[in-house]
Amino acid sequence: MSTLHTVNKSPFAQQTLTSCINICRAGDALLLIEDGVYGALPSAPTAQALKALVNDRKVHLFALEPDLQARGLNDRISDWVKVVDYSGFVQLSTEHKTVQSWY
Amino acid sequence: MSTLHTVNKSPFAQQTLTSCINICRAGDALLLIEDGVYGALPSAPTAQALKALVNDRKVHLFALEPDLQARGLNDRISDWVKVVDYSGFVQLSTEHKTVQSWY
Amino acid sequence: MKFALAIYAAPFSVQASQTALHFAQTLLEQGHEVIRVFFYQDGVHTGNQLATPPQDEQDITQAWRALARAHQLDVVVCIATALKRGILNEEEAQRYQQPASNLAPEFTLSGLGQWVEAVVHADRVVTFGA
Amino acid sequence: MKFALAIYAAPFSVQASQTALHFAQTLLEQGHEVIRVFFYQDGVHTGNQLATPPQDEQDITQAWRALARAHQLDVVVCIATALKRGILNEEEAQRYQQPASNLAPEFTLSGLGQWVEAVVHADRVVTFGA
Amino acid sequence: MSRKVLFTLRHAPYGSAIAREALDALLATAVFGQDISVLFMDDGVFQLLPEQAPGGLPQKTLSSSLSALPLYDVEKLYVHAPSLEARGLTRDELALDGLVSLSSEDVATLFSEQDHLLSF
Amino acid sequence: MSRKVLFTLRHAPYGSAIAREALDALLATAVFGQDISVLFMDDGVFQLLPEQAPGGLPQKTLSSSLSALPLYDVEKLYVHAPSLEARGLTRDELALDGLVSLSSEDVATLFSEQDHLLSF
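Chains as they are written, first to last, in this note's numbering: chain R, 1 to 103; chain W, 1 to 103; chain Z, 1 to 130; chain F, 1 to 130; chain A, 1 to 120; chain B, 1 to 120.
It is worth saying that the hints were derived from the structure and are not from the lab.
Note that the structure is predicted; figures quoted are calculated from it, not measured.
Below, computed lysine-lysine pairings styled on DSBU-like, alpha-carbon distance capped at 35 Å: (1) W:K97 to B:K76; (2) B:K60 to R:K51; (3) R:K97 to A:K4; (4) W:K51 to F:K2; (5) R:K82 to A:K4; (6) A:K4 to R:K58; (7) Z:K2 to R:K51; (8) Z:K2 to A:K4; (9) W:K82 to F:K2; (10) F:K2 to B:K76; (11) F:K2 to W:K97; (12) F:K2 to A:K60; (13) W:K58 to B:K4.
Next comes chain R alone, as it looks inside the complex (with noise of 0.2 Å):
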């Protein structure tokens, strides 16, 4: 069964959101919310590691909304990161059987 695994912090100040793409298995979905959209850079030392995830392991990737808006980031995310809005999280968190919270 999947799993939805949720990041909140900035991968160029915490190892939170590498330690995720360790666990991630094909079919889950990891969501960057709040600090964790920055992870949605493709300058973030996570990049070449969340392609991977997302070409190669079969991982679903989405970054909230409202999280990259505030930051300033919508403009700038990488080609592999689809954005949902709450509507969609709370989606995601139906589809898979269980929520991980990485924080």
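Once you have looked at the hints, place chains W, Z, F, A and B on chain R.
Quick look at chains W, Z, F, A and B alone, frame taken from chain R:
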């Protein structure tokens, strides 16, 4: 004039200690406190940078004894780390002109 | 679906408290059931009715109170971590001979058993960490 | 030497509050002067006299109160960040028509100007972050 | 009704109250008869170091509380092996017996078997 | 009596209240006539991104408040160049004019010239 730097975050979890290391200069002191004392472990990702700081860049490196002891680290730390108690912390703060807290 | 939410983050200090509020509002709009909201660790500060934010900032405590009233939400503040942090209802204030209480009336002060019960009955558990 | 201390960390949640307390005690033991302790951000929770920790944990608020009384310390809680977080003295509780106050009597609720004044007159400023 | 619940403990002890308050939540869940697993990961493995002596802080010793877990019938105890290795630690020197080492892939499998994931 | 005080801002906006409350402290110190310098470093440089729109959070926009700094006679504004580079940003695209780029060594020198260091 020299600075006392304090760092209270684990280098396994956060980039705080790395940021501090990059700013220390000769004559400064660096004091590891709270979860920062995990930076005194030889396995820390910052261990080589700290060793170079002490040996090559002439920065004085300390860890706070009660915080090492609480975490069971007394017998595990690198031999280039000096141990001080709160009296030592106070003395370091008087010997340096300024105190920069990295958290 | 039946959701149980755990909130560990202080309001007014970190964004997680706003995220949780927005998530809960969206759940309810979409017809999901929020069987319990459990405030733990620094999340217990959310129940402090003395919070007086400036007018141009969101009053998170008031927003939770309004949501709880509108949807008869079961919003529980963990008694052990709340007492430690100075969040008390009248009963606990009297028990510990404290001069005042500060828990907003919409919140219930109760034990971890309430949380375990919610976890058992929920289809989904979502944690909002600090 | 004259020290000014800034404490940004909540008691009972992170260790920085204990570190600051221990540092202040050591300063005073060694004959240094603590010209002001300024509680800012989550540090303002330190002034909440309703804190009721279990008997086997340290009561940080009581420890600061005792230290303040013993040494006539000037312990100031930032009014703006405290109001937002629900830490009020009687005067502010009345002003904002809140039902109770919770600031311990040893603490003063005041503005950032008090902090700037301390910084100007201190030989050393030490910050305890969360 | 009993649920499979995994507690993932990722934070170092003493620097914050997370580790202590996670343990309280864990024991409460055990008392109510749920099917609990516990995973130590990232800096959470530091909770398992022996010879913790927080008398000077003062806080309660976490490792001795953790060693009481089997008394609460919490017996599915796991540690993320890469987290231990990164910190130069071995399973044998830890303060808790009966820990099962898991790879990252094993952890993903453990996640997939649970009804709920609680993280601290 | 005027003191040389450096504010080092190292935290991202919105995720926590640190950046906002640091700015309040900074403006108060400026009002009282101190000789202030401001250094943006690490994730603190994200405070300077243009087009911040936190309406949905809801919080106040930090970048527009920061751009008022010169009105308070806070004119010694620095940014740590390696922090910008690591985040793929350039000084020209930031929401604040007049920022001086500093190397890590320059920052060490800036520290050494101050009477007090305040960090947020």
